[in-house]
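**Student:** Just so you know, the protein sequences line up as chains A and B, in that order.
Using the UniProt record's numbering, the first residue of the first sequence is number 1, and each one after it goes up by one.
Using the UniProt record's numbering, the first residue of the second sequence is number 1, and each one after it goes up by one.
Calculated from the structure, these hints are not laboratory results.
There are no misleading hints in this set.
Subject to a maximum C-alpha distance of 20 Å in a straight line, what follows is the list of computed EDC-like cross-link-like pairs (lysine to aspartate or glutamate): (1) A:K98 to B:E57; (2) A:K98 to B:D14; (3) A:K98 to A:E34.
Please read these numbers as outputs of a predicted model, since none were measured by experiment.
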Amino acid sequence: MLDAQTNVTRTYLDRRVEEFRAQVNRRIDGSLTEDEFRPLRLMNGLYLQLHAYMLRVAIPYGTLNPDQLDVLAEISERWDRGYGHFTTRQNLQYNWPKLPDVPDMLARLADVNLHAIQTSGNTIRNVTADPLAGAHADELLDPRPVAELIRIWSTDHPEYQFLGRKFKIAVTGSPADRAVTKAHDLAVRIVERDGEIGYQILVGGGLGRTPVVGRVIRDFLPQADLLPYLEAVLSVYNLAGRRDNKYKARIKITVNEMGLEEFSARVDEAFARIRPEFTGADQDLLAELQAGFEPPALEARDTAAFDAALAEDPVFRSWADINLRPHFRDDHAIAMISLKPHGGVPGDASADQMRIVADLARIYGNDEIRVTQEQNLVLPHVAKADLPAVFGVLKAHGLATANAGLASDIIACPGMDYCALATARSIPIAQQIAEALADYEVEVGEMAIKISGCINACGHHHLGDIGILGLDRAGVENYQITLGGDAGSDMKIGEKTGPGFGYDEVVGAVERLIHAYLDLREDGERFRDTIARTGAEPFKSALYDEEANRDAA
Amino acid sequence: MAKRFQPGIVSANDLLSGAVIYLAENGNWVSTMSEAEFITDADRAEERLSFAERQPEIAVGPYIAPADNTDAGPVPNHFRETFRAQGPSAPARKSWGGANA
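From just these sequences and the hints, can you work out the full model?
**Tutor:** Rendered as structure tokens:
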């Protein structure tokens, strides 16, 4: 694990904090104009939103230790409003910092080796990974050493500070894609071929106004070729990517306009040039990093107490059935901590809740916490014997909602409640849907509802079983519904159903879709299976015909 | 053809807090839209915007936000300005405290 006390990046972080402190001072005393200051604050993750500044803190590959989570809680109380908002890219956002305080916030983050560098701007963003890395039973290899290698390589890399547009990288070591890799500019999937570990590389994925499923550019890349290959991809993109139109500047457009074959040929050419520059230092570093991510030495534990609690306590049983995921050890489990209480703000956690989770990780969780792309937290290594106690503590602090993967486990961007780019609200739509479905979501089963408050798709609406996109139609909030999206390893972009719905009509529309599913589904079918079998027509009919019928009545 | 001028108010974000601010007729920045100067013609708008832009130590990103005038002063006529004026609709966080609550 990263060691906050000895990590050499501390010197770099201190220097960056003091540099930004001087820039903030120069902005306040008038030496810098806003136009001069904006790119400097963005390089430090500081946005100006609708009502306040917003500071976006990177949580590299979604992994936190308890001291880091405690500091995130402390910062929220000292310089914000006592809570943090976890995002779909494994970041934490503070929604109410004051400009003069931000350097102090960054200095406190640096104490635990966290920062906000490259969480904005046209650069390589926070490197994300499978949030269940190093714990899930289905994993081939922990992706975090590779993610950390990429993070070290890409942080402050002079060639990548002024790319044509932002560049997002995700890494997974599991065939089940929990890192949404196909929606990334570049993705690394750890794979095995003939007993050898290597990487499958994907490029050109992304959501936003032009959703594209990432495509395989290299099926099997030897481990030692990773960084030179990434440099080759970046160098081709940096030169060929468009800079005349920001909406056409992402690598997905470059790849689509050039064609994957031509893009790949140029990458190979660049790779041949770059590869000899890598003489093995990166591989030595990777080996060092791998040693820091060894699987935890977990004690064998008797599961009798867990089995007894399952049998005796139906509330615990329900939580365990829904929120636990299989660990690589049978006597342990992965506990998903829902930040989606029915009617709450998706992804928000109070300072008290953060501290409780940090304490649980210390006592029962091998000092590890993860942040998911679904805006929840995870205790990745809990002995089953300890789960009843963990559940009790979570329950006492509003953290035991049994809805991981269910309809109320909604991804929602901040929308027009916070975001300056938003065209409609997301959060209240999510709150209302969650409340409406709370009583029967267990019956509905696995269901991904994803809401974005603008076309940029931070809420991943394209990938929802039910996707909701909030738009401004002639000065009124209007919500477009898409169906059939899938964020998994066979990623699918949902299809638009038809005309949008008004703010007060969305919950009813979603409920009509769900009732149609309950009527249509056959044994064992998830929503996506039913839609795959029946097509979208019966669902469109539920959305639109019933409304027409009701209006006519 | 020039776009028809839409009456409105000058709004911006406060440099230090980021909070929504409005320009009043006396040249002060206020936090309540109803106290803002209601601007009805393009020349006055340009003059007041220019006045705002000369105060970068207070106002970030000043612009003319369209508004309607009422007996109680200007009110938003687009939902974005309504949310800027009112703050987030989600209630959960108010009880969570912190220095900036």
